[in-house]
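> Numbering (numbering that gives the first Met the number 0) for the sequence shown: 0 to 417.
Just so you know, these hints were derived from the structure itself, not from any lab.
For every residue, glycine included, the Cβ atom is placed at its ideal position computed from N, Cα and C.
Treat the hints with caution; some may be incorrect.
Capping the alpha-carbon separation at 27 Å, the derived lysine-lysine pairs in DSSO-like fashion look like this [stated by the list, open to error]:
id, residue 1, residue 2
1, Lys172, Lys190
2, Lys372, Lys72
3, Lys222, Lys78
4, Lys222, Lys190
5, Lys82, Lys72
6, Lys241, Lys82
7, Lys78, Lys190
8, Lys172, Lys226
9, Lys153, Lys172
10, Lys190, Lys398
11, Lys241, Lys226
Restraint-style ranges between C-beta atoms, simulated for each label pair [said to hold, decoys possible]:
id, residue 1, residue 2, range
12, Thr143, Ile83, 14 to 24 Å
13, Ala417, Asp132, 43 to 53 Å
14, Arg135, Asn179, 43 to 53 Å
15, Gly129, Arg99, 41 to 51 Å
16, Val264, Ala75, 43 to 53 Å
17, Lys266, Ala75, 20 to 30 Å
18, Ala275, Arg408, 10 to 20 Å
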Amino acid sequence: MTVTTTEPKAGAFDRKTGRAAANPERRTGVLPTSGHVAVRPPTAAHLSDEDVERLGAELDAIRDEVLAQRGAKDAAYIKKMVKIQRVTELAGRVAMIGARSRIAWSAGVGLIALGKVLDNMELGHNILHGQWDWMRDPDIHSTTWEWDFVAPAKGWQHTHNDLHHTWTNVIGKDRDVGYNILRVSDDQPWKPRDVFNPLVNALLAPTFEWGIASYDIEWDQYKAGYKTREQMMSDMRDLRDKAVGMVLKDYIATPLAAAAVGAVVGKAFGRPARFASIAARALGGTVAANALRNVWAHSVIFCGHFPDGVDTFEEEMIDGETRGDWYVRQMLGSANIDGTRVFHTLTGNLSHQIEHHLFPDLPSNRYIEVAPKVRDICRRYGLPYNTGRFGRQLGSTWKNICVLAVPTREEWAAYRAA
0 MTVTTTEPKA
10 GAFDRKTGRA
20 AANPERRTGV
30 LPTSGHVAVR
40 PPTAAHLSDE
50 DVERLGAELD
60 AIRDEVLAQR
70 GAKDAAYIKK
80 MVKIQRVTEL
90 AGRVAMIGAR
100 SRIAWSAGVG
110 LIALGKVLDN
120 MELGHNILHG
130 QWDWMRDPDI
140 HSTTWEWDFV
150 APAKGWQHTH
160 NDLHHTWTNV
170 IGKDRDVGYN
180 ILRVSDDQPW
190 KPRDVFNPLV
200 NALLAPTFEW
210 GIASYDIEWD
220 QYKAGYKTRE
230 QMMSDMRDLR
240 DKAVGMVLKD
250 YIATPLAAAA
260 VGAVVGKAFG
270 RPARFASIAA
280 RALGGTVAAN
290 ALRNVWAHSV
300 IFCGHFPDGV
310 DTFEEEMIDG
320 ETRGDWYVRQ
330 MLGSANIDGT
340 RVFHTLTGNL
350 SHQIEHHLFP
360 DLPSNRYIEV
370 APKVRDICRR
380 YGLPYNTGRF
390 GRQLGSTWKN
400 ICVLAVPTRE
410 EWAAYRAA
């Protein structure tokens, strides 16, 4: 194997954006300053440097083709999704006002949850990735969009876009590997707290937005001295402001508005109802809708990196990593979910997690057409293309979380010796 140089040059790979940079500058602590070619995992050990270079060129060509075709059709898609999301959530809140029966209440909960899912997954996640910045629409732009999620957009963009997509599945670098509270890989040393893995995950699912919000604060980085007090306080203020606004909107303003309107409408139609009763139903409905959204987001996201067959990487394995090596790591460190177009939309097209990690800045509606090409590349280069039905991927994810809670004999011995 030949040694890969790491001197920056025009067109070199920028880990932050996932694409070539015209005038790249090395960022201390992000790009390796020295070293040899990356050490490939067993699943890619058969690839030569030339293979990896050709693979990278093929994936670059796929990305360039989509960028060349991107235009009015894509803009119309995302604008339509914005309208659908807003109408859906509004319909849910209207239904909640007159929800006198269990069926009507359930319909309201379902519509609000669906609206929040669309807001978070197909809109928020992808807009905040900059997938639609090319439109130059100030209302649909990564620098102005704020989503219906407790985690402030700016903090999430740092931990997700800058860190997770740069260091995908690198133990010790990608903090999304377990979110500092779960053991999701046997490459993570076992600790006594890991016996609570299943319980912690079960509690995290319905409260996922709060878990991500607290994770994005990077308390561990502050304690370790990597984050200044000023940065920490700024992030805390942002979270406080966002959380207060979300609580006021969902748990105070919405129930009160529903009760006020419901009482007036009910009286007008000769069906009076108690103010407190309507408010309580609306509050319960909003709590249920948020929980449903959280469980869905948690399930989809965990299926992207934690099912069977997904690789993790040691930090030394990526020293001197080329663009082609980065592509290989993204494919081996991600997993897809099979489904229909509607299902893909509800996942924010994160059911195409492999394609998303290869091309995080391409419009999400394009992943479905890119996926067969990526799958063919994996086949021709002898790389696994991890995909499966939702139940299988989610089941294997939960199985791994439960299994990893209990140490093997070797892991127990290593813990005792540490």
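> Indicate whether the distance between the beta carbons of Ala417 and Asp132 respects the range 43 to 53 Å.
holds (46 Å)
> Hey, Lys78 versus Lys190, does the alpha-carbon distance stay inside 27 Å?
violated (47 Å)
> For the pair Val264 and Ala75, does the Cβ-Cβ distance stay inside 43 to 53 Å?
violated (36 Å)
> Range hint 20 to 30 Å: satisfied by the CB atoms of Lys266 and Ala75?
violated (44 Å)
> Given the hinted pair Lys241 and Lys82, is their Cα-Cα distance within 27 Å?
This hinted pair holds, its Cα atoms lying about 23 Å apart.
> With 41 to 51 Å as the target window, see if Gly129 and Arg99 comply at their CB atoms.
holds (45 Å)
> Has the given pair, Lys153 with Lys172, been kept, meaning a C-alpha gap of at most 27 Å?
The hint holds at about 20 Å.
> Lys222 and Lys190 were given as a pair; does the straight-line alpha-carbon distance stay at or below 27 Å?
This hinted pair holds, its Cα atoms lying about 19 Å apart.
> With 10 to 20 Å as the target window, see if Ala275 and Arg408 comply at their CB atoms.
Hint violated: Cβ distance 59 Å, outside 10 to 20 Å.
> Does the beta carbon distance between Arg135 and Asn179 stay inside 43 to 53 Å, or does it fall outside?
Violated - the Cβ-Cβ distance for Arg135 and Asn179, about 37 Å, lies outside 43 to 53 Å.
> Are the Cα atoms of Lys172 and Lys190 separated by 27 Å or less?
holds (19 Å)
> Holds or violated: 14 to 24 Å for the Cβ distance of Thr143 and Ile83?
holds (20 Å)
The structure fails to meet hints 3, 7, 14, 16, 17 and 18 from the earlier list, while all remaining hints are met.
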